[in-house]
Amino acid sequence: MSKVTSLGEAIARLVPDGASVALGTALEPAIPFAVVHELIRQRKRELRLIGPISDIAFDQLIGAGCVARIASAWVGNVSAGLAHAYRRAMEQGIPRRIAVEDHSNFTIAQALLAGAIGAPFIPTRTLLGSDLARANGTFKESVSPFDGSPLLLVPAIRPDLTVLAVQRADEEGNAHLWGPWGVSQEAALAATAVLVIADEIVPRSVIASDPNRTVVPAWKVAAVVGQRGACHPSPLQGRYRRDHDFYHAYHAATRTVEGFEAWIREWVTGPPDRDAYLAKLGERWPALREDGGPRAAEARF
Amino acid sequence: MELSAGELMVAQAAREIRDGERVFVGMRLPLIAFVLAKRTHAPNAIGLFELGVVRDAPAPELLYTMGDTPNVRGAVWCARTLDLMGLLQRGEVEAGFIGGAEIDIHGNLNTTAIGPDRAHPLTQLPGSGGGADIASLARRLIVIMPHDRRRLRERVDFVTSPGYGTGAGWRERVGLPRGGPSVLITTLGVFRFVDGVATLASYHPGASVEAVRAATGWPLVVASDVRETEVPSGAELGFIRDHDPTGFWTRRSAE
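Note that the protein sequences, when read in sequence, are chains A and B.
Residues in the first sequence are numbered consecutively from 1, following the working numbering.
Residues in the second sequence are numbered consecutively from 1, following the working numbering.
Chain A with its partners taken away, still in its complex shape (with noise of 0.2 angstroms):
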């Protein structure tokens, strides 16, 4: 049965307010941009997000009001500097205070693993020492109940939604993601619905002919959304490059709450929709292409 429907309606069928969705799991590369612009045009709020580092993902989101609270390692801008917008919601309560549960990369893959495995924590020496370990305010420590040695217990995240940014998929939601896939996996098995939003949807023999490149199994994909440039200015393995001077840029004008407004309105509730945007870069969005990449020597099943 196909699942293919329009971001617009994916979002609004399956992000309600206040629910908790993980999304930049790959870390740097393959961040579901298309997601987040239509999640703010949505005007969604509450939300409680979960991610890695998100690389200006989740900034965006916290300064258009939409977050109550993030389970994150990391919230910045990994070329330019800091975030100011989640600056702003920390120091200042702007537009809104948020909460957070501070991880690390280690730390949130086992919170995600756990929930992926259905197993209530993970035992963890990461962190131990670490102020992380109690500011966190979920883990507990333990001993090890074999040796008697200092554990952390990490409890599981089991996210209601997991927005997957691949490369291609098919109508039913099979997935190839290829790239490093940082927490992708864990993430999309832990949640209780995936959104896949490809650049591309493909029969299911094409997925089929290379099972090993699956990230995740249809019946987890209640939604397939087909959009090329999803993920501008981020990375998605030989689709597109980084987009550097992007990141640049916001980094630059969105020091004010001013130059952040307008830049949400230049960026993303000017534009209609994600073709609109990759046409408002102009020459810079073929230049940023690299589908002529190295082939993969081929594998035969």
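Read the hints as simulated data drawn from the structure, not as lab findings.
A quick note: this is a predicted structure, and the numbers were derived from the prediction, not measured.
Beta carbons are placed, not taken as given, at the ideal position from N, Cα and C, and that holds for glycine.
Among the clues, some could well be false.
Taking beta-carbon pairs under 10 angstroms as the criterion, some of the chain B residues facing chain A (in silico) [unchecked claim]:
#: 1; residue: G52
#: 2; residue: V53
#: 3; residue: T65
#: 4; residue: P70
#: 5; residue: G86
#: 6; residue: L88
#: 7; residue: Q89
#: 8; residue: A119
#: 9; residue: G130
#: 10; residue: A132
#: 11; residue: R139
#: 12; residue: T160
#: 13; residue: V197
#: 14; residue: T199
#: 15; residue: W218
Following the hints, put chain B in place on chain A, whose structure we already have.
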């Protein structure tokens, strides 16, 4: 062109990588240090990137993030964050790089927030990323940061990435399996950790023990054989400038 502090730090950091080691590389200056080490004394070093990339050859062009597409082409493994963090926890990673906003004399780093109350920070910083994991679990830690009194503090407001806690023996007591900072490379000098205490081993050309003391927020401990930092060779500098021709990482001022 005059030698920049960034270039000097990269050259120092590269020397901390030994041939054949598995290294959690991180971002910014450490990325370039890894490239330099691979091209000079450590051709068999292996780079691990926390988003799930393993490389035995440096990326052919300057990276702005570890997720840039050139860092994936030619990699030997695209994995999950859990795979690489798991190997780190097992003790299979010899060294890791991190930076921070604040550090204390025992090498504890803060990248979370400035101010006494985490929930209401004076300055919100980006957070741990994988830094606290690398600090907890790598066999040794290489720290790189700009040097001033606001950054090298007697006590940090928040320990994101544990160093030696309150001193020698602390890591064992809290249950950390190994590791701790081996070196702190700043814009003014190089500190080695002796019994959990940052000890000035060298000051950069143009600086001095007194200049370092004036810019350090803790009572400075100086090695008996303190000397001037060795400057990079012409070949080393050539590799650095070849890789970062516009100086995006090595000639910019730190935020």
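**OP:** Kindly indicate which numbered hints from before are broken by the structure, ordering the numbers from low to high.
**Re:** Per hint list: 11, 13, 14 and 15 violated.
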